[in-house]
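*Asks:* Okay, here's what each chain looks like letter by letter:
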Amino acid sequence: MAATQPLVQLRGIRKRFGSHEVLHGVDLDVHAGEVLCLIGASGSGKSTLLRCINHLERPNAGRVLVGGELIGYAERDGRLHELPERRIRAQRAGIGMVFQHFNLFPHMTVLENVIEAPMRVRGYSRSTAVATALDLLGRVGMAAKVDAYPRHLSGGQQQRAAIARGLAMRPQLMLFDEPTSALDPELVGEVLDVMRDLAAQGMTMIVVTHEMGFAREVASQVAFMTDGRIVEQGTPGAVLGNPTHERTRSFLSKVL
Amino acid sequence: MTATSVRPVRDDGDVVVPRRRPWRWVGSVAAALVVGSVAVSFLTNPNYRWDVVAGYLFDPRILDGLFTTLRLTVVSMLIAAALGLLLAVMRLSDSRLIRGAAGVYVWLFRGTPVLVQLILWYNLAILVPTVGFGIPFGGPTLWSADTNALITPWTAAILGLALNEAAYLGEIIRSGIISVDRGQSEAANALGLGRVDTFRRIVLPQALRVIVPPASNEAIGLLKYSSVVSVIALPDLLYSGQLIYARTYETIPVLIVVCIWYLVIVSLLTALESRLERRLGAGFRSTVGDEGPRNGRWARWLRPNR
Chain A
85 MAATQPLVQL RGIRKRFGSH EVLHGVDLDV HAGEVLCLIG ASGSGKSTLL
135 RCINHLERPN AGRVLVGGEL IGYAERDGRL HELPERRIRA QRAGIGMVFQ
185 HFNLFPHMTV LENVIEAPMR VRGYSRSTAV ATALDLLGRV GMAAKVDAYP
235 RHLSGGQQQR AAIARGLAMR PQLMLFDEPT SALDPELVGE VLDVMRDLAA
285 QGMTMIVVTH EMGFAREVAS QVAFMTDGRI VEQGTPGAVL GNPTHERTRS
335 FLSKVL
Chain B
351 MTATSVRPVR DDGDVVVPRR RPWRWVGSVA AALVVGSVAV SFLTNPNYRW
401 DVVAGYLFDP RILDGLFTTL RLTVVSMLIA AALGLLLAVM RLSDSRLIRG
451 AAGVYVWLFR GTPVLVQLIL WYNLAILVPT VGFGIPFGGP TLWSADTNAL
501 ITPWTAAILG LALNEAAYLG EIIRSGIISV DRGQSEAANA LGLGRVDTFR
551 RIVLPQALRV IVPPASNEAI GLLKYSSVVS VIALPDLLYS GQLIYARTYE
601 TIPVLIVVCI WYLVIVSLLT ALESRLERRL GAGFRSTVGD EGPRNGRWAR
651 WLRPNR
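Protein chains in written order, with this note's numbering: chain A, 85 to 340; chain B, 351 to 656.
For reference, chain A alone in the conformation it holds in the complex:
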């Protein structure tokens, strides 16, 4: 295992908004099939780091590699050339993303939400896209709601539909940005169940979350971030059960 190249490699990622630097050089490796949970207080840079991976945010320094491919740039003669939009789109298409506020398209039904990108980006025929979508929606327990509009669904149902939308692109990596933070407490479980199934099927996942129970149970690695740095990383048992860093300890004492 150790010999294989990590699927995701972050090297020295720095990001600043104006003069305020929110990421101070982050390194991270995630191997295929692993589930990495990013934990930490609000404003520690977790979401920004996640958004750098599919180039929704452009890092001010550092490299993002997914599947060995540099994201957002082509490196030639010691310079970074910005990739044309078409190439960045192709890179993003292989990385699914799930947002805190679902961001389903409200003017489309659940099914239309799921088939939109496979048809427009992958060029699948409608029947192929629909068949895949119905299969995925069945797997996330949304078979009965395929023709509903997002507005008529609960938060948990919307988030499960959003996960199916991401999976419909057959991604090699799924990013979750606080997927249960906007949900009513009784709906958190159904979304975590879907993510647990996904992990069991071997999907590579990076999950920004405050759900310590999920991290402990599902994660292969947990990374704790504070002030734009990963200060502690390891197995859930090590990081959550026996934290060595003082900041990790104080954070965990507040959330557990």
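Rather than coming from a laboratory, the hints here were simulated on the basis of the structure. Given the structure is predicted, the values throughout are model-derived calculations rather than measurements. Hints may contain errors.
Stated by the list, open to error - On the chain A side, residues computed to face chain B include the following (Cβ under 7 Å):
{"no.": "1", "residue": "N138"}
{"no.": "2", "residue": "Y157"}
{"no.": "3", "residue": "R160"}
{"no.": "4", "residue": "A177"}
{"no.": "5", "residue": "M181"}
{"no.": "6", "residue": "N187"}
{"no.": "7", "residue": "P190"}
{"no.": "8", "residue": "A201"}
{"no.": "9", "residue": "V205"}
{"no.": "10", "residue": "Y233"}
{"no.": "11", "residue": "R235"}
{"no.": "12", "residue": "S238"}
Note that beta-carbon positions come from the ideal geometry of N, C-alpha and C, so glycine has one too.
Since chain A is already given, all that's left is putting chain B on it; use the hints.
*Replies:* Coordinates of chain B only, in the frame set by chain A:
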């Protein structure tokens, strides 16, 4: 008949005595008096000359004018929509120069009366005797024409109305675009959709919900203020009527005919708008009690059964 059958009874059998509302009665009587006296005047005042109104309602000159007004409105509105979309996208650009150019356009065309703009366009030949295009700054001319031949009352009217309307529509479209949550284009980008698909498939359909009500207002406004083209002698609905009563002195009956036609067209446009809003409202209605799109009080008031 018992008393309970007349008064409202709640489910538990308690009788509810309604509150007295004396001012509602006063208001109703006043409204009835006003409506009644107007109706009586309509029916009994011989100066309305309803027989003359009926005679001119389908007069070929009036109908020609009506079609000119309709063509003028539709063509101007289509050009203005395309130009307005361009202006909206320019104003949202990252380039300060592009934003500025669109801003100056809106400032100029919104800041001067459309009547003045019309007269200026009609007299364009005085300012630029020939128009053409070619390589600028002294290069060869590829095509040119005499301005006087190009600027007819019709082209001047279209230019004046469309360029003016574009400034207003541009602002309406821009406000519609920025009303769509940023998360929508982020989700589309994360899925790998390109800029054009993201705009056309995701942002625009949602923006249209916000754009359609004020844009319909603009269309109705344009239909009516297109009557200013009478100053450059284009025979639209109003000017055709004016041409008739200038000879026959049947001023009031002919103007009533003109008003009837404006009212008919505005009613049709309003019905069209309601249908359009209903279609764009897909996904935005609550399941209980289909109230249609919830975009502003006046849109709800226009809706047929409330």
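*Asks:* Can you list which hints this structure breaks, lowest number first?
*Replies:* Hints 2, 3 and 12 not satisfied by this model.
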